[in-house]
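K.L.:
Start from the sequences, fold in the hints, and give me the full structure.
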Amino acid sequence: MNRDSNPYIKIWKQFFVATISCLMICTALAQSSQTTLNSDIKLTYSFNSPTIETIDIAGTLYDRVNLLDCYSAGSAGEPKIPSKGAFLLLPPEAKVSEIDIIPGEKIVLGSGLLVEPTSQAIPISQTEDIPIPIPNELIYQSNTEYPGKLYTQVGVHSFRGYQILVLLLHPVQYNPVTGELFYYKSLEVSVKTDATGVQSALYRGLDQDKKEVQQKVDNPEMSFRYNQEYASSSTPFEHYDLLIITTDALKSGFEPLKQAHDATGVQTVIKTLTDIGGSDLESIRNYIRDVYTNWGIEYVLIGGDDNIVPAPILYVSGMDENVTFYEDTMPADLYYACLDGPYNYDSDGNWGEPHDGTDGGDVDLIAEVYVGRACVGTTTEVTNFVTKTVAYINKDSQNEFFTRVYLAAEYLGDYGIASYGGTYMDQLVNGSTDDGYTTVGIPASDYTITKLYDSPEYDWSSSTIISIINNGVHIINHLGHASYDYNMKLGTYDVDALSNPSNRTCFIYSQGCMAGGFDNGDCIAEHFTIKTTHAAFAGIWNARYGFFWSYSTDGDSQRLHRQFWDAVFGEMIPEIGRANHDCKEDNLPIIGRSCIRWCYYETNLFGDPALKITENTNHPPEKPGVPSGPTSGKAGVNYTFSSSTTDPDNGDELYYQWDWGNGASEWLGPYTSGQSVEATHSWLVAGDYQLKVKAKDNNGLESPWSDTITIHIVVGPQIEIGTISGGLKITAEIKNTGTINATQINWTISLQGLVLFGQKKVGTILTIIPGDSFDISTGLVFGFGTVDITVTAADAEKTATAFLLGPFILNIR
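Numbering of the sequence shown is given in our numbering, commencing with residue 14 and proceeding in unit increments.
Note that these hints are calculated values from the structure, not bench results. Keep in mind that this is a model prediction, so the values were computed, not measured. Some hints could be false.
[Unchecked claim] Calculated cross-link-like contacts (lysine to any residue; reagent style SDA-like; alpha-carbon spacing at most 25 Å): (1) 544 with 474; (2) 742 with 753; (3) 229 with 308; (4) 774 with 756.
P.N.:
If you want it as C-alpha cells, here you go:
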C-alpha cells in the first residue's frame with residue numbers, strides 16, 4: 014500500500030511544508046526589519062543659552078548673537094546667526110533616505126533685536142573701497158524666521174571607506190521684522206538609511222583608519238559596525254607610510270630623505286612617473302589610490318614643480334552681498350589627497366565645482382592621504398629642499414631654538430576691528446572662543462611668543478623680519494599683504510639672501526594673497542622652501558587671494574589658520590600635512606559660506622607632509638560627547654545615558670566618570686577608544702539635574718568635562734513592564750514603582766509576524782497602588798514562526814520575541 018494515499022498524511026505534509034515556508038518567510042522579514050532598525054541613526058545635540066551683546070558698526074548699533082561652538086554660516090548681508098556643524102558616520106553600505114530634526118524646548122531670548130549682518134569677505138590685498146557690512150533688505154524686511162529651517166545637508170563625504178554625513182544645524186531662529194530671537198535647547202537628529210550593497214573600494218579595515226574616523230565624527234561607536242560587516246584587511250605584504258613621487262632625473266636626490274625617514278620609523282618609498290606609467294592627473298591619482306590601498310600609504314610628497322608633476326587646477330567662485338563676485342582657477346593638491354570619486358563629473362573645463370563629484374554631488378573633501386609638495390625642478394633645488402628637511406627630521410627638539418615663535422601682522426586698511434592684523438594673530442596664542450568657535454592655540458607656557466605688529470605708532474620693516482629669520486625662529490605666523498613674489502614685506506631677492514643655517518630654518522603659515530601660486534612661475538613660497546638651504550623648511554601659503562572679513566575677525570582664511578594650530582595643540586596632530594587637511598575639514602560644515610571653499614582649495618603645503626612640528630608624547634582623551642539620554646523622568650526610576658570619546662594615543666584604555674548633578678560616579682572602565690559607554694542613575698528628589706561626563710586614560714590624563722544635558726525629574730506614579738510570558742496566551746506584568754497611585758492606565762499587547770488572528774489586544778487598568786502590580790493578557794492567538802511582541806502601558810514599552818506554533822506561544826525572550 015502506498016502510504017501517501019492516506020489523505021491525513023497528505024494533509025499533514027502540506028501543513029508541514031506550509032509551516033516551514035512561513036517560518037522561512039518570517040525569518041527573512043525579521044532579518045530585513047532588524048537591518049532597517051539598526052541602520053537608523055539618532056543623536057541629540059544640546060545647546061547652552063546664546064548670549065547677546067550690543068556692537069557698533071560704523072555708527073549703527075547691532076545685536077551680536079554668540080553660541081558656544083556654533084558659528085556663522087550665512088552669506089554677506091544675512092543675519093549673523095550661529096549654527097552647529099554635525100558629522101554623522103553612516104552605517105556601512107548605506108545611503109541617506111530621510112533626515113528628521115526634532116526640536117526640544119523653545120526659549121525666546123527677546124524681541125525688537127537688530128541682529129548684525131554678516132561681513133563681506135575681502136581679499137587681504139585690497140586696501141581701498143572698503144565695504145561696511147549692511148543688511149540684505151530682502152531678508153531684513155521679511156516677516157519670517159531666518160534661517161527658517163533646522164538643518165542644511167552639506168553632503169556625504171568619504172574617509173577611507175567610511176561614509177560621513179555632514180549637516181549644519183540651526184538651533185537659533187530670528188524674525189527680522191519683529192526682532193524676535195529664539196533658540197531650541199536641543200535638536201534630535203534622526204537619519205534613516207537604505208542599504209546599497211556596495212562596499213567602498215577605499216575601505217582598508219585598518220585599526221589606524223578606525224581610530225582616525227572615530228575622532229572625526231559625533232557617533233564614533235558606528236565605526237564598530239564596519240568591523241562587524243566587513244572583513245578586516247590583513248597587514249599589507251609591503252607597508253610604507255610615505256610615498257614620494259618624482260622623476261627619474263630627480264629620484265636620487267630624494268634618497269637621503271628616504272633614509273632619514275626610514276631611520277625614524279616612517280617607512281618611505283620613492284616612485285617616478287615612469288613607474289606610474291603616466292604623467293597626467295588621473296594616472297597619478299589612480300596610482301596614489303592603488304598604493305594607499307595595497308601599501309597602507311598615509312602621506313604623499315610630490316617631488317616636482319607643476320610643469321614636472323602636474324598640479325590639479327580647480328575652479329572656485331564666491332559671491333558676497335550679491336554684488337562682488339570672485340572666481341578663479343588655482344592649483345590644489347587636495348585632488349591628490351581626497352581619493353573618492355571624480356573631480357570633473359560634467360566633463361567641462363572647470364574642475365572641482367560643487368556638482369563635480371559622484372553622480373553630480375559635491376567633490377570629495379575629506380582626505381585619505383596627506384599631501385605636500387616640493388616644487389623642485391633641478392637637482393640643486395632637490396638638494397636645497399632635502400638638506401633642510403633632513404636637518405629638521407634630525408633636530409634636537411629640546412633646543413631652545415624650537416620654542417621661538419613670531420606673529421607678524423600688518424596694517425590691512427580701514428576695516429574697523431579688522432584694520433590691523435594683530436587682532437587676528439592674537440587669537441592664535443593659547444586659544445580663542447572669538448566668533449563663536451573654540452580653538453586651542455600655541456601655548457605661551459611652552460613657547461616664547463613675540464609679536465611683530467603694525468600699529469598706528471609703528472610700522473615694522475623688511476629688515477626687522479630678515480633679522481628675525483637670520484637669528485633663528487622656529488615658527489612664523491603672518492597676516493598681511495602679499496603677491497606672487499612678495500610676502501611678509503620681503504621680495505624674492507630678500508628671501509634668496511637670507512643666511513640662517515639649514516638646521517635653523519623655519520615653518521611659515523601666511524594668509525597673504527597669491528604667495529603660494531606655484532603655477533605662476535616661481536612664487537615666493539618656492540623661494541622660501543627650495544631655492545636656498547636657508548629661509549624655511551616648509552610652510553603653508555595661499556595660491557590666490559587670502560580672505561578676511563571687514564569689521565570682524567571671523568575671516569575665512571583665519572578660520573583655517575586657527576584650526577591648523579588647534580589641530581596641532583588641541584587635537585594633538587603634530588604632522589603638518591595631516592594638520593593642514595584637518596583644519597580644512599573642521600570648516601567643512603560651512604563650505605558654502607562666502608569664500609570658505611576658495612580657501613579650502615588654495616592652502617597648499619610646501620614641504621614634507623610627514624614632518625612633525627611638535628614632539629608630543631602621551632595625550633589626554635578628547636572631550637566626550639554630550640551625554641545622550643532622556644531629558645525628563647520620574648523620581649526613583651533608573652535612566653540610562655551614553656557617551657563616548659577617543660584617545661589620540663594608540664592602545665590607551667579609557668575610564669569614564671559621570672557627574673549626575675547630585676553626586677558623581679566612580680571611574681568606570683576600561684573601554685576602548687571610540688567605544689560607546691552607558692551608565693545608569695536615578696534621582697529621588699524632584700528637580701532639574703545637569704549631567705556631564707569626562708574620561709581619563711590609563712596614564713591618568715583626563716579629558717575636559719563634556720557639555721551638559723539637563724534632565725527634569727518629577728515625583729509621581731511610575732509604570733514599568735515586568736515579565737512577559739507565553740503558553741496559550743501572552744501575559745505581561747504591569748508594575749507601579751512610583752510613589753502615588755497610578756490610574757487609568759491604557760495598555761496594548763501587539764504582535765508582528767505571521768499571525769493569523771490575535772494580533773492586538775488593548776485595555777485599561779483602573780488603579781495600581783504604589784509597589785503593586787497587575788497582569789494583562791491576550792486572548793487566543795494563532796500563527797507560525799518568529800513574532801515580535803510589543804507591550805505598552807502608559808508611557809512604558811517593552812519588546813520581546815517568541816515562536817508561534819499554531820496557538821502555542823513558545824520561547825519568549
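K.L.:
Does residue 474 sit within 25 Å of residue 544, going by the straight-line distance between their CA atoms?
P.N.:
This hinted pair holds, its Cα atoms lying about 23 Å apart.
K.L.:
Is the straight-line distance between the alpha-carbon of residue 774 and that of residue 756 25 Å or less?
P.N.:
The hint holds at about 19 Å.
K.L.:
Going straight from one Cα to the other, do residue 229 and residue 308 come out at no more than 25 Å?
P.N.:
holds, 23 Å
K.L.:
With a cut-off of 25 Å on the C-alpha distance, tell me whether residue 742 and residue 753 pass.
P.N.:
violated, 31 Å
Consistency with the previously given hints fails for number 2 only.
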